[in-house]
Each structure stands twice: as C-alpha cells, then as structure tokens.
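Asks: What follows is the residue order along each chain.
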Amino acid sequence: MTVNTNIQLGRSDVDPNLLLEVENLTVSFPTDDGVVSAVRGVSYQLRRGEAMGIVGESGSGKSVSSLAVMGLLPKSARVTGSIRFEGESLLGKSDNQYAEIRGKKIAMIFQDPLTSLNPVYTVGTQIAEAVLAHNDISKRAARDRAIELLKSVGIPHPDQRVDNYPHEMSGGMRQRVVIAIAMANDPDVIIADEPTTALDVTVQAQVLEALEAARAETGAALVLITHDLGVIAGHADRICVMYAGKMVEMGSIDDIFYRPRMPYALGLLGSLPRLDSSRKQRLTPITGAPPSLVNLPAGCPFTPRCPLAQDVCEEKEPVLTVTDDPAHLAACHFHDKLVGVDAAQLFGTTSADPDPIDSVDQEVTQ
Amino acid sequence: MTTVDIPTQSTGPRSTEAGQPVLSVRNLVKHFPVRSKGILRRRVGEVHAVCDVSFDLMPHETLGLVGESGCGKTTTGRLVLNLVDATSGEVRYGGRDLTQLSTGQMRPLRRDLQIVFQDPFASLDPRMTVNEIVAEPLRIHGLFGSTDNGRKQVRELLRQVGLNPEHGNRYSHEFSGGQRQRIGIARALALRPKVLVLDEPVSALDVSIQAGVINLLEDLQRDLGLSFLFISHDLSVIRHIAHRVAVMYLGRIVETAPVEELFTKAAHPYTQALISAIPLPDPRKERTRQRVLLSGEVPSPVNPPSGCRFRTRCPKFANQLSDGDKQKCVNELPALVDRGFGHQAACHFAEARKLV
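Residue numbers (UniProt numbering), protein chains in the order written: chain A, 1 to 366; chain B, 1 to 356.
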C-alpha cells in the first residue's frame, strides 16, 4: 500500500492505479437554524480494485460525502473541494455529463432496496434500463443481459424472476437486484451505502456474498459505508473512521482494529458486545452524544466525550498525522498516548449518561 | 446505582434459592387471521405467528429470545404480558394463568410485568414532559401519593437510569436516542416490576450509546433483582447479556440452552447458521472463519412447511442427508430433545458445532 497523506503530490507523478481522488471536500446545507456543516474537509484516494470501508455513527457525514461523489446531493447543498475520477474533475459537471459516469464508471448501492427500486416496473426492465443507458444494443439483448446479471448475484430461476415486480421479492432479493443494476455496466467503482443494514443476518450474509461476487466479476473498487464494524472487518482492506464530518483515523484494517490511535475508534471497538468472547467483560460506552453540526465550536469535535481531552483539544482541531506506520493516520493531539491502551482503561465502564444533553442544550438555544 | 430497596444481591440464575420460575409459558399459540379483501372480509387463512412455545423465566435471570424478523419473538413478548390474546396455551405468573384474566383482573398484575419498547422515538408521548411520562404509571396505579413524595420518586427513578433529574421538565424530543431509551426504562421501572420484557431495547441505538444502555440494564438487574425477557435479533448483544437463550424460527423455539453452551455447542443447523452469519469485528478471525450459509428466505408463516419448518433452508437437509432421512424431516415435527446441561434442540439430526 502506498503512502496516503494530505500533502498533495505533484500532478506529474500521478499513480496510474489511482481511480478516485477526493480532496478537502466540504458539504454544507443552509437551514433555518444556521449552516449545517455535514462534511468538513474530507480527503481520500481510492485505487483500482481496492476495498475501502468508511465507518461512523449516524450523522457523521459518511453518506453525504459519497452522495457528493455521485453528484446526487440536493441543489441546496454547498460543495467545495475537489473530486477527481481518473484525473478528471467531477464537481461542476452538468447532469448530462454526469450521466456518462454514473452507472458506467461509478455505481451506487443504496441502503433500502424498496425505495431505490421503482415499484411500477419489473426488475428486468430496471436492469435493462441501466444496460441500455450505456450500451447500444437491442432490447432483447438487454433482457438477456438482465437474466445473466440476476444469475450472477445468486437469484434462483432468473428467467422467471426477471418479470417480477419489486414487491414480489423479499428484501434480500431486492438488494441483490440493486447489486445487479450496479454491476450492469462493469463499473470501476461501486459505492455501497449501508447495503445490508435493513436485512436479517442470514440474508445479510447472502447479500455480502453477492457483493463479493459482483466485485470479483467486474474487478471494481469498493467503497463500503457502514456502521457495522463486523461487516467492515470481513470486506475491506483499508478503513476510514468518520466523526462529525471529518476523517479522524485512516489505516489498514489491522491498524484500526488492533492498534487504534484515535480515542473515538478505540471507544467504538470497546463498546461492541462480542460474539466471540465468553468473558463477560463490561462494555465501555462513550458517554455523551456527537456534537451538533451547526456552529461547531473550535477544537476537536470529540473533546466533550474524550477522556484524554486537554486544553489544546478545545482550541485547536487536530489534523490527520502519520502515526507509527506511514499508512496509518490519526487526528488526535495525543495519538502516541494510545499505544497499547485498551478501551476499558481509557473509557471506564459506566452505565450512566452523566452530564446529559449538553449538546442538545446548544441545539435548543440556537 | 446505589439505591437498593429490594434486598437481593444475586448475580445470576445459579445463585438463587430453590429455582421456582417467576413466569412460565406453556404451549403458547397465536394465530392471526388473514382476511379476504372486499366487504365480507372472510377468513381465508391464518398467520402462524407463535406455535407451541414453552419456557420458564427464573428469578434474576435474563432469558434471551433470538430470531430473525417475522419469527414471532415480539408476538411472544406481547403474549407474555397479555397485550394480545393468545389462541391457546398458558402464561403462569404468581400461580395464575394470565391468558384467562380480564383487563380489570390483569391491571394489578401489570405492576409486576412491564415492557420497554424498541423505538425510543415512537414510544414516548411528545407532548408530555419526562417527569409526567415517568409519573404516569404511578398515577394510574395510585402510587404517586402526595406531590412531594411523587416528585421524589420520579427524581429517584431518573437518577437510577443515569439521567440528570434536573432535566425532568423537558420534553422527550430534547433528548438523544440513548437518553430517550433510558426514559422508557425509568417508566417501566416506576412500579417496581419483577419481570421486564425488553423488546429490542438497543437495536435503534448507535453502538457507542448502546453499550451504556446495556451496562445500565445489567446494573438494574443486579441491584433490583429483576428478571428480563430480552428479545433481540442481535446475537452479540444476547451473548453479552443473557444467561439463557431461546432461538426461534417461524414461530417455534428450535433450540434453547444456557448462553455458553449455546454459543460453543450449537446443535441446531439454524442456530449454527445464525452464529456464523454474524460478522465478527476482528479481521483475523473473520478471514478464517467457518461458515454455514443458508440458501433462500424464510417461508411464509401463513403456510409453513410440513415436518421441520427449517428444512426448506437447511444446509444439512440439502447436502448431507439420505433420502430416507429427508423423509423424516418432511413428515415428522422434531421435538425439543434434551442434550444435557439444560440444552435442548429440535432437530432430528442435531450435532454440536463450535463456530466462534
């Protein structure tokens, strides 16, 4: 894996494997209460064939940052920074220009297949629509391709199922149809936004299998957005942890799971009940709630919940810096203090929510 | 959590006296009618939501009820509290069969049996302050007493669930999801119940918040000697909190065992598939795990398969059994067979496997 830092490299030595490059992306939404800064300066690079996971809790900006890549944000959103795909800038493209890229170069899988499929068309029509959008072939050929795609995502009797409407299918099958649409044009990047959150675990396992099959067939790079650290552990090579609209830690999967250097990532891992452990260890919750993204105060947004917080944390927001491994970055003033520390030592195992609703207080008064 | 007004300091089901169950459920059945469209709305079928479910809930014990959506776990929870009428079977609490009681007869018993709902956004009245929400059960049961005494009780309850009592005159929308769930728990605790049905109490919460609520539930059980019927689809949470587990599939309990026994020696193919389907937040283990993948989806509970209800998705049925053995699965309903150590599995060809 190559070094991945915030420092911009010269244009001349562009890595030919570099597919997607997001630099200092910010997204904000004007609302009646003020400007919501949903994404506050996100940078990452995605290489050909790579699987990158983005984890974070609700409201951390993980979905919004990928909707920005797809150009699917509402008109009211203010986007700055740069998004380049194979060196070509995506921001500022017209809808028609974007249509060339969506589906063909970058495809997206959404969380809820019931809302992302059109209820009045058969799934075959919808898959064929995606095929026809980028290929000059006959309708019959498109339909055959649809059946082939349904088969490759593991739907039994694809030649009959192709004429089903979405409501005639179960949740797991619908999500597989969405995956089939995403892989229809052999994209270079698949962005999957919580692809299995709405599904039961046994079905989740099947859908993840279908997603892996789709990747193997198309060779696409994957951006997997989820709150489930278990799903990430099995399906990503590299992870970005997001908190309050920023990347707070980036690294290889082993770095983040076994050597986290940002208190938030450590806390997340400590708060998970473990299926694979018989020791009845107390969990280590992170007390408090994520901050409101309206008028965020200066300093590190994790400060109010962080047991390590010092004065400097309230004054200066830390940037992603290299830790002991050049590919492992953490945004914490005290990342070196986390070497060999476990979550229970840092967070304690309280059951209370001691100083409730301070963050809500702010929201209400604003 | 220092306020102990019930003198029990037990930590688990093992250390309790005698071992009389607080609540026992026998052969509980619930069928919901399916009606035709049109004016007549004839009865055209039945959803077999819960079929022949039996279990005991011991004092100070957490019984985990696990299964996928539609397996009847929530309906079972509601049947236990007599919130829906059972088709047949009985729920015994304090020597009485709850299913036979009228609403009026049921009311005093509701002090002992309380429920916490899944969605903390839908289960709290947005037009009541937190103080009013927590005081409501006290008022209904005439336990609020004088204004001073009542307020004191409410403050104490809020403190007990880890909230700041000063915020009691706020409305529920001013709180975060985790805090709202704590309000729901305070309301359920107001009448000093003995049994708490927790219906997916942490599923709607982010993990960092969920951990605090789980810790709270553990503390409350230890301090107040409660029994929990903990309904969840999340096996990791169940392994963490439960003492005993019952796994449900299509309305039936297919396996039940003490928690360690279940997770290390799962005998029913469905339990094995469930355990192996949960992704582990540990990349090295996750890469090298053994998997039991299921094919297909849960069949409709309107017309469940004959014999063993799991056979249509069972990897053992599909890949390992001879035709003669398969006939047994098709024709004979497997009973829950005792495997020792309180471990029962409803499979003709049960075989223990360690998957995590």
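It is possible that part of the hints are untrue.
[Claimed, not checked] 30 Å max Cα-Cα, derived BS3-like pairs, lysine-lysine:
1. A:280 / B:265
2. B:326 / A:280
3. B:265 / B:285
4. A:151 / A:139
5. A:280 / B:285
6. B:354 / A:337
7. A:151 / B:326
8. A:316 / A:280
Just so you know, the hints here were simulated from the structure itself, not pulled from any lab data.
Asks: Now tell me if each hint is right for this structure.
Replies: For each hint, the structure was consulted:
1. A:280 / B:265: Holds. Residue 280 of chain A to residue 265 of chain B sits at ~18 Å (cutoff 30 Å).
2. B:326 / A:280: Not OK: residue 326 of chain B and residue 280 of chain A at ~40 Å, beyond 30 Å, violated.
3. B:265 / B:285: 18 Å, holds
4. A:151 / A:139: With Cα atoms ~18 Å apart, residue 151 of chain A and residue 139 of chain A stay inside 30 Å; holds.
5. A:280 / B:285: Answer holds: residue 280 of chain A to residue 285 of chain B is near 19 Å, not above 30 Å.
6. B:354 / A:337: The given pair, whose Cα atoms are some 38 Å apart, is violated under the 30 Å limit.
7. A:151 / B:326: 28 Å, holds
8. A:316 / A:280: 39 Å, violated
Hint check: violations occur at hints 2, 6, 8; the rest are consistent with the structure.
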